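Residues per chain, in single letters:
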Amino acid sequence: MFKNPRIALLFIIVITLVALYVDLPKIKIAHINLSHPKINTNFIKRDLEPKLGLDLAGGAQLTMSADMTGIEANDQESAIESAKNVIENRINSLGVAEPVIQTAKAQDQYRLIIELPGITDVDTAVSTVKKTAHLEFKVLKNDAPPEATIAANADYFVATGLTGKDLKRAQAQPGQSTGTRQAPGYVVNLQFNSDGAKKLEEISTKNLQKPMAMFLDNEPISWPPPIIQSIIADGNAQITGNFTASQAKELAIQLNAGALPVPLKIESQTRIGPTIGQESISKSIVATIIGIASVAIFMIAYYRLLGLFAVAALVIYTLIVFLIFKLIPVTLTLAGIAGFILSIGMAVDANILIFERIKEELRWGKPKLESFFSGFERAWSSIRDSNVSSLITTAILFNFGTGPIRGFALTLAIGILVSMFSAITVTRTFLRIFWIRNV
Amino acid sequence: MNLIKYKNWFFALSLLVIIPGIFALFVWGLKLGIDFSGGTLWEVRFDEAKNVNPQSFKIFLDEKGAQVSSTAATSDSSILIRMRASDENKISELKKGIGEKYGQTKDLRLETVGPLISKELTQKAILAVSLAIVAIVLYVSWSFRKVPRPASPLAFGVCTIFALIHDVIVVIGIFAILGHFADIEVDSLFITAVLTVIGFSVHDTIVVFDRIRENLTKHTSMDFDGVINNSLLETMARSLNTSLTAVFVLVALLLFGGASIKTFILALLIGIISGTYSSIFNAAPLLIVWQNLFPRKKS
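Going down the list, the sequences are from chains A and B. For the first sequence, the numbering used here assigns the number 1 to the initial residue and increments by one for each residue that follows. For the second sequence, the numbering used here assigns the number 1 to the initial residue and increments by one for each residue that follows.
Do not rely on the hints blindly, as some may be mistaken.
Said to hold, decoys possible - Listed next, with one range per pair, are the computed distances between beta-carbon atoms:
#1 B:Leu240 to A:Phe434: 24 to 30 Å
#2 B:Trp142 to A:Leu94: 50 to 56 Å
#3 B:Leu138 to A:Asn189: 49 to 55 Å
#4 B:Lys218 to A:Asn4: 49 to 55 Å
#5 A:Met420 to B:Leu138: 18 to 24 Å
#6 A:Val158 to B:Glu63: 34 to 40 Å
FYI, nobody ran anything at the bench for these hints, they're computed from the structure. Keep in mind that this is a model prediction, so the values were computed, not measured. No residue lacks a Cβ here, since even glycine has one placed at the ideal position from N, Cα and C.
With the hints as extra help, turn the sequences into a complete structure.
Right under this line is the structure:
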């Protein structure tokens, strides 16, 4: 990679220092507090705190299947999006830090996968999540003061009997001129069923030029409420509010949550108590330290000076791997840590291959410098082929696996890739500068 | 030292492990965890009650209408329950019942896998293992396509599969035995372990084969058996040392790591030891067997 070993050494030192700076929790050097830097650019925004998975942080994971009976095939996509949106809002109101909510489709079945790290009261969370959304259309009470529309006060509104059940679907669209009026920006079109159309006609007749508010799970959406402009007889209403595309889409999603309610069933769940997570963290740290230490002792005992260089490369390797974990960021789980520790074993393998080769070449009577170069050169095809076969497995694991399996595959793959750099470039530079010199 | 002379003994030693394993696999099968069979795994810690008898606790739960398959104490104040997949209504009902008799409890963990998810996972696991085997065999055959006569690239590919299947059967067989006698279950992480073992097994075999390839070009006057024997002896230190470092870290994980990945680590450990053995004592000697069955002249 580098012609001049000194430049390579400089490069290695710089990378090591950067990795150290990012990896260490908090260091104090003469009144200056160095802590995790935050990356904030247009491309990536990262808070470089380590991310812990459920099995380490404690928390819950729920896999829920959506019951789509009674929802037309082309509405199912928006129904699941709406369900996800509603659940997101509810979970945020529970105050869970960094919930992850994903939709997935497996064999024509829609699913929601919800991860709630650090949550303790899972029962409440589950019942909150399982509630189907309730959408209501409300109008002003007769005795409401005039400022009611400006203050988001639900008390001034009264139910009309028109609910999400009457709504067929809501859809965001660019505004078009309808008759005499020109709707600017984006609009949301509402399509009611025949029951809803009847109710809406009655409500719009009675409340012409008055606000009509929409409440999802008793929370007002699209505030201030739109004003009924005309009597709506055909069940097709339009909310115009000079929305941007994303505002209109957001509103349509919220309305659809009421229009297309999907009952959710828990297919599988995992709850990990915080005590188990804490125990696992301390156990993993001990295991990692003992793992690295035993490899280091073995390498130095068996390969002496060469082993010492390999161990130095291993330390740099560990720092770089953690740097990458934080940059991606990789969520650490028990299986992920196992993948990383396993990759330590593989990282020294490349060094063992090279050292054995160098020793062999020396035994055949070749001079030190020549043995050094052919050691690296000859060992390369073995290192390449064996690492490629391991990378093939990790790729398959990553594609087929879920949760912990993916974590394991990802950390192992990162480990293998970094080991190619550390075991080859780093060790090679060390040997060239410190080992060949004192021939 | 002539290792090749003893090749039948090496094969016999492999069979000594494999045959009981296959027997266990067919007679008892693997003990499937809830990932594959579906079910609920629930670890409860009692705030006050100490040393609750798991057996009487199981009877108590069954009376409450839970379908418990087993209970086991995990400490003097906690019990692990395995039962049919139960929804959260059932769980909270049971929790109430437990509270009345044993006092306050905390859920250390609660995992439920429904039949839908477990079926899907099983299919995925089978697909992943098959795909990995095919992809690796293709890669090895491609990587060794220029191997000099009298060896054939196909022999290298096929012998790699033999070593790989050997390791997979050793791991699965030992787990079938452990499942029967020690109640050790296999979960989705076990599949991960098997796939990793596949990767490692090939990793080891490739290093040995790589040396054979090199020596075939270098020592053209030597006979095939001699070349293989030399290559084995030359790579022996590396194979054992690499295996040792991996064994070190895995033993550290097994002794000090988290409880929920113990089975996973054990599977990796068995697989890596088997992988080292098979790459030295099975894969390379098998090349000779292949050579004797389908002789190919030197070019």
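>> Hints numbered earlier in the text: which of these fail when held up against the supplied structure?
In response: As far as the earlier hints go, 4, 6 are violated by this structure, in ascending order.
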